[in-house]
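J.: Sequence:
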Amino acid sequence: MMRKVLTHIITVALLLSAVYTMAGEGLVWDFEQTKIGEIPPDWKVEATNLRGKIASWEVIADSTDGEETKILGMTKVNDDFGGTFNICRTDSAQFKDGEIQVRFKAISGVEDQGGGPIWRVQDANNYYIVRANPLESNFRLYYVKDGARKELASAKVDVPANHWHTIKIICKGDHTEGYLNGKKYLEWKDSTFPEAGGVGVWTKADAITYFDNFTVKTTGHDEKKESRGEKP
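The numbering of the sequence shown is the working numbering, which starts it at -2 and goes up by one.
Simulated from the structure, these hints should not be mistaken for lab results.
Be aware that a few hints might be false.
[Unchecked claim] 30 Å max Cα-Cα, derived DSBU-like pairs, lysine-lysine: (1) 180 x 165; (2) 214 x 142; (3) 147 x 169; (4) 181 x 165; (5) 93 x 165; (6) 50 x 67; (7) 41 x 67; (8) 32 x 50; (9) 214 x 41; (10) 169 x 73; (11) 142 x 180; (12) 73 x 41; (13) 165 x 67; (14) 147 x 165; (15) 142 x 165; (16) 153 x 180; (17) 50 x 142; (18) 93 x 67; (19) 165 x 186; (20) 147 x 181.
Remember, predicted model here, so these are calculated numbers, not experimental data.
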């Protein structure tokens, strides 16, 4: 009996290590253990205001700093309607307060470019989003409620396409700070979504964008499913 229990524990641990790595109190998805052409387990592809076929997301190989690595990308548009928000997210890591960081690289897009992380996600139509846009040279914080997006804060900043950048947000209660490449540009208070929710990444319309090293660190008494052995 004990041998069966130990075997089960080892199997679960191996499955978890294939999805994410632990970094201190945080979780890091580097996508290295996800198969090419797939998305991480417990992640799902959704869209806000979809009018046609949903966008394609998958893990692909990318050369970064001369080294090939795996990244998660929105790789095919399928519907370039300007009001569509493309989402790849997970509910298995619940986030309310703490820090989220992700690297992104804008590849292409005529209607829109770039993207960023989403958090406190209630469903495909309700969440917070901070994104950087190379076409508009800006960095903005929004909420999306019932599918409608409202701008909360904005900053003018150059965000060259086809280069890796790092977005970080820090949340505590109704207070949010937004950082781009280590510099704080955004700060705002909003209580539209006060409870914990899922996390993920986001692009708009035809913005082909790559993401890597998605990191979630929670503080306080957020619901942490990973502490109960579930796979983020």
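J.: Hints first: check each against the structure and report whether it holds.
T.: Status of the hints after comparison with the structure:
Under the criterion of a C-alpha separation no larger than 30 Å, the hint pairing residue 180 with residue 165 is consistent with the structure, at around 9 Å. With a C-alpha separation of about 24 Å, the suggested pair residue 214 and residue 142 falls inside the 30 Å cut-off, and the hint holds. Taking the CA atoms of residue 147 and residue 169, the gap is about 20 Å. The hint holds against a cut of 30 Å. Of the pairs offered as hints, the one joining residue 181 and residue 165 holds, with about 9 Å between alpha carbons and a cut-off of 30 Å not exceeded.
The straight-line distance between the Cα atoms of residue 93 and residue 165 is roughly 15 Å, inside the 30 Å bound, and the hint therefore holds. Simply put, residue 50 and residue 67 have alpha-carbon atoms about 25 Å apart, close enough for the 30 Å limit, and the pair holds. Pair hint residue 41 plus residue 67 holds up; C-alpha atoms about 18 Å apart against a cutoff of 30 Å. For the given pair, residue 32 sits about 24 Å from residue 50 by alpha-carbon distance, which is consistent with the 30 Å threshold.
With a C-alpha separation of about 21 Å, the suggested pairing of residue 214 with residue 41 holds against the 30 Å cut-off. Under the criterion of a C-alpha separation no larger than 30 Å, the hint pairing residue 169 with residue 73 is inconsistent with the structure, at around 35 Å. A threshold of 30 Å between alpha carbons decides the hint, and for residue 142 with residue 180 the separation of about 28 Å falls inside it, so the pair holds. Among the hinted pairs, residue 73 with residue 41 is consistent with the structure: their alpha-carbon atoms are about 16 Å apart, no more than 30 Å.
Among the hinted pairs, residue 165 with residue 67 is consistent with the structure: their alpha-carbon atoms are about 20 Å apart, no more than 30 Å. Distance restraint check for residue 147 and residue 165: the Cα-Cα separation of roughly 20 Å lies within the 30 Å cut-off, and the hinted pair is therefore satisfied. Simply put, residue 142 and residue 165 have alpha-carbon atoms about 22 Å apart, close enough for the 30 Å limit, and the pair holds. Of the supplied pair hints, the one linking residue 153 and residue 180 holds, its CA atoms being roughly 13 Å apart against a limit of 30 Å.
A hinted pair counts as satisfied when its Cα atoms are at most 30 Å apart, and residue 50 with residue 142 qualifies at roughly 22 Å. The straight-line distance between the Cα atoms of residue 93 and residue 67 is roughly 28 Å, inside the 30 Å bound, and the hint therefore holds. Of the supplied pair hints, the one linking residue 165 and residue 186 holds, its CA atoms being roughly 16 Å apart against a limit of 30 Å. A threshold of 30 Å between alpha carbons decides the hint, and for residue 147 with residue 181 the separation of about 21 Å falls inside it, so the pair holds.
Taken one by one, the earlier hints fail for this structure only at number 10.
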